[in-house]
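Number of protein chains: 4
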Amino acid sequence: MSLRVTVWNENVHETTQPEIAAIYPRGIHGAIAEGLAELLGEAAEIRTATLADVEHGLSEEVLRHTDVLLWWGHIAHDQVSDEVVERVQRHVLSGMGILVLHSGHFSKIFKKLMGTTCSLAWRNEGERELVWTVAPAHPIAQGIEQPLVVEQQEMYGEFFDIPVPEELVFISSFSGGEVFRSGVTYTRGRGKVFYFSPGDQDYPVYQQPQIRRVLANAVRWAAPVAAERRLPEVSNPATGWFLES
Amino acid sequence: MSLRVTVWNENVHETTQPEIAAIYPRGIHGAIAEGLAELLGEAAEIRTATLADVEHGLSEEVLRHTDVLLWWGHIAHDQVSDEVVERVQRHVLSGMGILVLHSGHFSKIFKKLMGTTCSLAWRNEGERELVWTVAPAHPIAQGIEQPLVVEQQEMYGEFFDIPVPEELVFISSFSGGEVFRSGVTYTRGRGKVFYFSPGDQDYPVYQQPQIRRVLANAVRWAAPVAAERRLPEVSNPATGWFLES
Amino acid sequence: MSLRVTVWNENVHETTQPEIAAIYPRGIHGAIAEGLAELLGEAAEIRTATLADVEHGLSEEVLRHTDVLLWWGHIAHDQVSDEVVERVQRHVLSGMGILVLHSGHFSKIFKKLMGTTCSLAWRNEGERELVWTVAPAHPIAQGIEQPLVVEQQEMYGEFFDIPVPEELVFISSFSGGEVFRSGVTYTRGRGKVFYFSPGDQDYPVYQQPQIRRVLANAVRWAAPVAAERRLPEVSNPATGWFLES
Amino acid sequence: MSLRVTVWNENVHETTQPEIAAIYPRGIHGAIAEGLAELLGEAAEIRTATLADVEHGLSEEVLRHTDVLLWWGHIAHDQVSDEVVERVQRHVLSGMGILVLHSGHFSKIFKKLMGTTCSLAWRNEGERELVWTVAPAHPIAQGIEQPLVVEQQEMYGEFFDIPVPEELVFISSFSGGEVFRSGVTYTRGRGKVFYFSPGDQDYPVYQQPQIRRVLANAVRWAAPVAAERRLPEVSNPATGWFLES
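Protein chains in written order, with the numbering used here: chain A, 1 to 245; chain B, 1 to 245; chain C, 1 to 245; chain D, 1 to 245.
Read the hints as simulated data drawn from the structure, not as lab findings.
Treat the hints loosely; a few may be bogus.
One copy or two, either will do: identical chains are not told apart, so a pair holds if it fits within one copy or between any two.
SDA-like cross-link-like pairs, simulated, lysine to any residue; straight-line CA separation at most 20 Å [stated by the list, open to error]:
{"no.": "1", "residue 1": "Lys-108", "residue 2": "Pro-165"}
{"no.": "2", "residue 1": "Lys-108", "residue 2": "Glu-233"}
{"no.": "3", "residue 1": "Lys-112", "residue 2": "Glu-34"}
{"no.": "4", "residue 1": "Lys-111", "residue 2": "Ala-21"}
{"no.": "5", "residue 1": "Lys-111", "residue 2": "Glu-233"}
{"no.": "6", "residue 1": "Lys-111", "residue 2": "Ala-135"}
{"no.": "7", "residue 1": "Lys-111", "residue 2": "Glu-167"}
{"no.": "8", "residue 1": "Lys-111", "residue 2": "Val-234"}
{"no.": "9", "residue 1": "Lys-111", "residue 2": "Ala-43"}
{"no.": "10", "residue 1": "Lys-111", "residue 2": "Arg-230"}
{"no.": "11", "residue 1": "Lys-108", "residue 2": "Thr-16"}
{"no.": "12", "residue 1": "Lys-111", "residue 2": "Phe-242"}
{"no.": "13", "residue 1": "Lys-111", "residue 2": "His-65"}
{"no.": "14", "residue 1": "Lys-112", "residue 2": "Ser-2"}
{"no.": "15", "residue 1": "Lys-108", "residue 2": "Ala-121"}
{"no.": "16", "residue 1": "Lys-111", "residue 2": "Val-225"}
{"no.": "17", "residue 1": "Lys-108", "residue 2": "Val-234"}
Given the sequences, and given the hints that come with them, work out the whole structure.
Here you go:
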């Protein structure tokens, strides 16, 4: 059975800033989708959706048929409707995987899933980022160089105000000396969450083969284990119910 | 320096149902405050607040002077104003500790901090609950019997839809065979969170010395480590800033 | 590529106690291997090894060609040679997965990987064990009933002196009221470890389809992510080495 | 009640290499003890012990009266007797706290408690180490600057082959770009373990006030919660035993 992947991007930088359109001519979502298609091949059906689409391209119908959603947003977080955010959250809690990327740390959906401010330190000077694997047995780290070198990237630094990750897969350092928990996992309800910070509109990070491999690995990892999409619910069983099941 | 503790209770059952007022004549908040006073003595200043108070008794002023907040609610979660919930969240993220009790699993503040449905299985048949310590080195378990026996209690059972706890301190079993992660900790921002399930309006659980000890231990544990109350914030440092500090 | 699985059993009860041979006529290893073969089919090559075999059937050659090792032992832990235990540990740290079963909690290899006493409470009265899933998104829980009912089993209870699990998948309760962290995972070096307590020589637990499913799921989960078997090693890199790689 | 602290040091560099004796004239243990005395004052009774002492200064009597043990070793790990290592492990599992420092990552006691190789990358070029707090609510981070700057230090880098920490308090970066999980906690049995990497015989790190503060905080954190020193043990309770207690 093939994985159904939806790559969501606010797609505002690329449609309003020519210098960014030059880096990502098919949009950040296009570059990400291309990378996943390369690496997952027939194992995945990949579609894209953007802020400007009806319901941001994330209707109930689309989400019901999405195993893993990728989320990239930056300057238009507040234009995402609360209704869509609640719908996405419901699907995550019901089993859909989600990958939140880079500046998506401040998206409504990520903050809602985390319960914290998700604030961090940042500096955009095109510094070298080194991404170190600290969980070599983790499927998301499979085939990733130690370290993965990103020649130019925005610095994201600690303190990153997120809940303690369930799994810490990557830690980055930057030329300026800062460090960042750059690849972290969570479970929320029946769904898996992976946040990965490398990737920015100003640098061609999503063209980099090793970054694409992290995303492809993470898509496989975040795929639901159960076929059924079901929200955790309250139950009120009688005594001994489990003996009759 | 003495710990400043605020015990919050919706206080609806006790003011509307005589049979519950008989169990908790000074309210659930009164019973909890009494227990903390017994065990913490001069180490703590304890006050109470309820839903009916102005701003639910949780003004900016009160929260600023609260080190640890305890929260009990059940049938009136939706009557708690969103403004107060956001204020409480801001204080937790800034360093205030919070203990969420029993049916508080469905409170607005707990769901906001967790990001999940917080749903569970339940059955109110006055079953025996056994509370087992699985983290004997944890300060919250200090002086607690193995197991702590609650003669009559509402059953709360798995699956409990919470994020994976940072620390799992207690697991309960019930006469009916169910189990429950009944004592769990989290960090959110600079604040500590402890959820503890034993304690119900129908049974005199908060009169029980060992339950009072858990709460007193947890208050000490959840107290902020830093004197300053400060929300994690975004910063945009220049390169090498740390050398000048 | 098919998974290479080795099921190790001390095989002492079955060869010396006719009443246990009656429950497990092909040995506990035989019953486990049969269950894995049923569920994994051509995805796995399954072999068995026992204490009485040369080098306990765990030569360097066998381990080098084993992706996941299952370990069942009880009354003969001290007859396992230290040399073999160190060899198994080296392979686990280098990437081989290991599933430690039931009374294997006291095996030399498990204690060596954990660093604790691994002691617990026990009572062999054929009590009903209920195995509750607390991590429904975990691949090991895929397809497992809530709860999984084992009609008769030895009680294993808390406090179970293990390091805090990385992932807590299952919690069991017993007729007597005790609870137990019955399905827990760890990483050690590049290898994955799963301990699962249900399964005893006195009861036909390994014939039970749902128990077999847990083991098959765990074998898939514990399989190494990297093709290469390599022990984590010290390195002494020159500055900037990562730029040349 | 005052904390009873024992600072253990192999004390070989200082007694055989004059240039190191110049940095640590009273030994590394002397510098550490001095720092703890400064910060803990009357809250602690501090003694020291070294490899050359009878039983390495770690007799049953000494350990029984030690709440927290600090461990520094480097070139003489193999000269520590297995008997003393087993004694220390037994005391840790029974409730004594332990702080393992810098090159102690390769000590017998640390490897025994971890179950892994504890290997890492290293380079001794006197690089600047920045120690970043990623758990600001943790008591060990209380009063620590963000970042803590160590002007000159040996580089310790990932992959550090330790079990996934229960709590990750500090992450370091080095001038060379490497990162390291430099402050991590574990529980083993009833005892708490803190590993902290800054501190080397070649640099006066243990004279640095902020490093001393980390150690003093960690001593408080690692102190046992229970008065009683007791190894986790097997029990074989009859059904319903907890009702009679």
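Hints and how they fare:
{"no.": "1", "hint": "Lys-108 - Pro-165", "result": "within (19 Å within a copy, 23 Å between copies)"}
{"no.": "2", "hint": "Lys-108 - Glu-233", "result": "between (23 Å within a copy, 17 Å between copies)"}
{"no.": "3", "hint": "Lys-112 - Glu-34", "result": "neither (29 Å within a copy, 36 Å between copies)"}
{"no.": "4", "hint": "Lys-111 - Ala-21", "result": "neither (28 Å within a copy, 40 Å between copies)"}
{"no.": "5", "hint": "Lys-111 - Glu-233", "result": "between (22 Å within a copy, 14 Å between copies)"}
{"no.": "6", "hint": "Lys-111 - Ala-135", "result": "between (25 Å within a copy, 19 Å between copies)"}
{"no.": "7", "hint": "Lys-111 - Glu-167", "result": "within (18 Å within a copy, 22 Å between copies)"}
{"no.": "8", "hint": "Lys-111 - Val-234", "result": "between (24 Å within a copy, 14 Å between copies)"}
{"no.": "9", "hint": "Lys-111 - Ala-43", "result": "neither (31 Å within a copy, 36 Å between copies)"}
{"no.": "10", "hint": "Lys-111 - Arg-230", "result": "between (22 Å within a copy, 18 Å between copies)"}
{"no.": "11", "hint": "Lys-108 - Thr-16", "result": "neither (22 Å within a copy, 39 Å between copies)"}
{"no.": "12", "hint": "Lys-111 - Phe-242", "result": "neither (37 Å within a copy, 28 Å between copies)"}
{"no.": "13", "hint": "Lys-111 - His-65", "result": "neither (24 Å within a copy, 27 Å between copies)"}
{"no.": "14", "hint": "Lys-112 - Ser-2", "result": "neither (29 Å within a copy, 34 Å between copies)"}
{"no.": "15", "hint": "Lys-108 - Ala-121", "result": "within (19 Å within a copy, 29 Å between copies)"}
{"no.": "16", "hint": "Lys-111 - Val-225", "result": "neither (25 Å within a copy, 25 Å between copies)"}
{"no.": "17", "hint": "Lys-108 - Val-234", "result": "between (26 Å within a copy, 16 Å between copies)"}
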